[in-house]
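Enquirer: If you're matching them up, the sequences are chains A and B in order. Sequential numbering from 1 applies to the first sequence in the numbering used here. Sequential numbering from 181 applies to the second sequence in the numbering used here.
To be clear, the hints were calculated from the coordinates, so they are not data collected in a lab. Treat the hints with caution; some may be incorrect.
To give a feel for the contact side, a few chain B residues facing chain A, derived at Cβ under 10 angstroms [said to hold, decoys possible]: (1) L195; (2) D225; (3) R229; (4) L236; (5) E239; (6) S291; (7) E294; (8) G295.
Every residue gets a Cβ at the ideal spot worked out from N, C-alpha and C, and that includes glycine.
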Amino acid sequence: MRRIRYNLAGARKVDARAFALILLGIGLAALLLNAVTVFNLARLQRQNRAENSEIRSAALRLEGLQQKTLRQQEEIVALKKAWERKLAFANLLIGRKSFSFISRLNFLERACSDGMRVRQLSLVNEPAGRMQMTVSALAQNELLGFYKKLLPYELAIVNENQMTEYYQASLSIRIQDEKK
Amino acid sequence: MKKSKLALTAMLALLFLSVAGCLFSLVFGQWQDLSRQHRLQTFRDLEGREKAAQVLEAEYREWRNLPLVLQKFRRDNILSLDEFAAFRRDLDARLAANGLQPPRIDFAFGSAREGLRKVTAKFSLTGSYRSLKKFIFDMEAKSKMHFFSSLQLNAEADRVKGAFSLEVYLGQ
Numbered sequence: 001m002r003r004i005r006y007n008l009a010g011a012r013k014v015d016a017r018a019f020a021l022i023l024l025g026i027g028l029a030a031l032l033l034n035a036v037t038v039f040n041l042a043r044l045q046r047q048n049r050a051e052n053s054e055i056r057s058a059a060l061r062l063e064g065l066q067q068k069t070l071r072q073q074e075e076i077v078a079l080k081k082a083w084e085r086k087l088a089f090a091n092l093l094i095g096r097k098s099f100s101f102i103s104r105l106n107f108l109e110r111a112c113s114d115g116m117r118v119r120q121l122s123l124v125n126e127p128a129g130r131m132q133m134t135v136s137a138l139a140q141n142e143l144l145g146f147y148k149k150l151l152p153y154e155l156a157i158v159n160e161n162q163m164t165e166y167y168q169a170s171l172s173i174r175i176q177d178e179k180k
Numbered sequence: 181m182k183k184s185k186l187a188l189t190a191m192l193a194l195l196f197l198s199v200a201g202c203l204f205s206l207v208f209g210q211w212q213d214l215s216r217q218h219r220l221q222t223f224r225d226l227e228g229r230e231k232a233a234q235v236l237e238a239e240y241r242e243w244r245n246l247p248l249v250l251q252k253f254r255r256d257n258i259l260s261l262d263e264f265a266a267f268r269r270d271l272d273a274r275l276a277a278n279g280l281q282p283p284r285i286d287f288a289f290g291s292a293r294e295g296l297r298k299v300t301a302k303f304s305l306t307g308s309y310r311s312l313k314k315f316i317f318d319m320e321a322k323s324k325m326h327f328f329s330s331l332q333l334n335a336e337a338d339r340v341k342g343a344f345s346l347e348v349y350l351g352q
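Next comes chain B alone, as it looks inside the complex (with noise of 0.2 angstroms):
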C-alpha cells in the first residue's frame, strides 16, 4: 500500500509540474507576444526612417545634380559673345518684319553676378499696336535669357509709341 501512495503521489507531482509547465509555456508565449509588439513598433521605426532617407537621397540627388542642371541651364539659355552678335541682327530683323525702325538702340553692359553680364537695350519704336504686340510676342518666344524689363505704350491718333527697355544676359 505504501508502495501504491508514493506511485501515486509521484505520478500527480508530475501532473502537477506538467500543468505548470505548460501553464507557464502559455503566459511566456503572451507576454513573448507583448515583447514582439514592441519590437514591431521599432521596425515601423525603421521603416519611416527609410522613407526620410529616401526623400533626403531625393534632394541629395538633386543638389548632386545641381552643377550640371545649372551648367545645362547657362549652355541652353545664356547668350555667348558671339552670339550676341546674331541676336542684334536676330533683333533687328525681328524689328524688320514687323514694319518696325527704331531710331536707335543704346545698349548698356552692366558689371558681372554670378559668372553673368547683364546688358540693358533701350529703344522706342512707333508703329501700329498690332505690330508692336507681335514684336513683344516674337521676342517673348525666345527661348535664350532676354527679356523686357520694361515697356510704356503712349496711344498718339492711329499709331502707338512704344518705350522698351531689353534685358539680356551673357555668359562670361
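For reference, chain A alone in the conformation it holds in the complex (with noise of 0.2 angstroms):
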C-alpha cells in the first residue's frame, strides 16, 4: 500500500547547501570589494602623506626665497644708489673710448669715387654727433653718386656750388658709433 506524505511547514524547504554557496559568494564578493576598498584608501593615503611633505618642504622653501629675494632687492636699491652715477660715467667713457675716427675715415674713403676730393672734414666724438664735410667733384654725377651712397646715413646737404673746373658741396652725415 502506498504511503501518503505531507509536508506540513509554512515556508519552502531551505537548500543548505545553495544557500551556504549564495551566502559564501556574496561574503566573497564583499570581501574583494572590501579589500580593493582598503588597497585604493591605503595608495591614497600614501600619496597624500608623500605630497604633503613636498609641499610643506617646497613652502619652506618659499619662504626662504621670498625672505632672499627681498633682502637682495633692498640691497640691489642701496647698491644702485652707491654705484649708479659712477658705472654710468665708466660707461660713457667706454662708449666715447669705443668711437672709432678710423672706421669713419675708411667709410669716407669707400664712399669717394676717383675722381672726387674731401677738402674739408670734421669729425666729434658723440653719439649724435654729425661728421660735416666739403667735397668737390670733377663731374656732377659723381657728386650725385656720392649722395646716394650717404643716403642710408641721414644725408644733409648744407649747399652746393658750381665752379669753373668742378663741383662742390657741404654736406653732413651720421653714422653709427660702434667699431666696424
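Assembling the complex is the task here: the two chains are given apart, and the hints tell you how they should meet.
Expert: What follows is the structure, encoded as C-alpha cells:
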C-alpha cells in the first residue's frame, strides 16, 4: 500500500548547501570589494602623505626664497644708489673710447670715387655727432653718386656750388658709433 | 527560515556597504587627483619663482661685484699722474714715428668728476693724409682711457692740416 507524505511547514524548505554557497559568494564579493577599498584608500593616504611632506618642504623653500629675494632687492637698491653714477660715467667713457675715427675715415674712403676730393672734414666724438665735410668732384654725376651712397646715413646737404673746373658741396651725415 | 533570511539580509547589507565603500574610494581618488592638479600648480608657481629668484641672484651678484669691476676698470684703463708723464712721452713718440711735429700742445686740466680728472690736449698737425691717419690709428689702438673728442682735417695742396682735441682721464 502506498504511503502519502505531507509537508506541513509554513515556508519552502531551503536547500542548505545552495544557500551556503550563495552566502559564501556574497561574502567573497564583499571581501573583494573591501580589499579594493582598503587598497585604494591606503594608496591615496600614502600619496597624500608624500605630497604633504613635499608641499611642506616647498612652502619652507618658498618662504626662504621670498626672504632672500626681499633682502637682495633691498641690497640692489642700496648698491644702485651708491654706484649707479660711477657706473654710468664708466660706461660713458667706454662708449667714447670705442668711438672710432678710423672706421669713419675708412667709410669715407670707400664712398668717394676717384674723381672726388674731400676738402674739409670735421668729426666729433659724440653718439649724436654729425660728420661734416666739404667735398668736390670733377663731374656732377660723381657728386650725385656720392650722395646716393650717403643716403642711408641721414645725409643733409647744406649747399652745392658749381665752379669752373669742379663741383663743390657741403654736407653732413651721421654714422652709428660702433667700431666696424 | 527566519535565521536564513536574517543571514541573507546581513550579507546583502555587507555587500551593499562594500560596494558603497569601494565607490567612495574611487570617487575620493578622483577628487584627490583634482586636488593634486591644484597642488601641482603651486609647484609650478614655485618653479617660476625660483627662476625669477635665480635671475635676481645673478643681478645681485653683478651689483655686488660692481665695485671690484669698477676698481679693475680704473686700474686697467685710467692713467695715474705718473702714467700721464709716460703718456706724454708716448704721444711725442707716436707723433715722431709718423713724421709729425705739432708746433705746440696745449693741456687743459678740468675739474674732477667721479674721482677722475679730465685733461684736454689740443694740437694741430700738418702732414700727409696717410701719416695723420696712421697717427689716429695708433692712438685709438691704446687701451688706456684717452680718445679724440674731435678732429678737423683740411686739405691743403698735397698735405692735410689737422686740428686735434684729445681727452685723457686721470685717476685721483
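Enquirer: Each hint should be assessed against the structure and marked as holding or not.
Expert: Status of each hint after checking the structure:
1. Taking 10 angstroms as the C-beta cut-off, the interface hint given for B/L195 holds, the closest approach to chain A being about 5 angstroms.
2. The restraint placing B/D225 at the interface with chain A holds, with a minimum CB-CB distance near 8 angstroms, inside the 10 angstroms limit.
3. Taking 10 angstroms as the C-beta contact cut-off toward chain A, the hint placing B/R229 at the interface holds, the least distance being around 6 angstroms.
4. Look at B/L236: its Cβ gets to within about 6 angstroms of chain A, closer than 10 angstroms, so that hint holds up.
5. The interface hint given for B/E239 is met, as the beta carbon of that residue sits about 7 angstroms from the closest beta carbon of chain A, less than 10 angstroms.
6. Because the beta carbon of B/S291 sits about 14 angstroms from the nearest beta carbon in chain A, more than 10 angstroms, this interface hint is broken.
7. Annotation: interface hint on B/E294 holds; nearest CB of chain A at approximately 4 angstroms, less than 10 angstroms.
8. The interface hint given for B/G295 is met, as the beta carbon of that residue sits about 8 angstroms from the closest beta carbon of chain A, less than 10 angstroms.
In this structure, only the earlier hint numbered 6 is contradicted, and the remaining ones agree with it.
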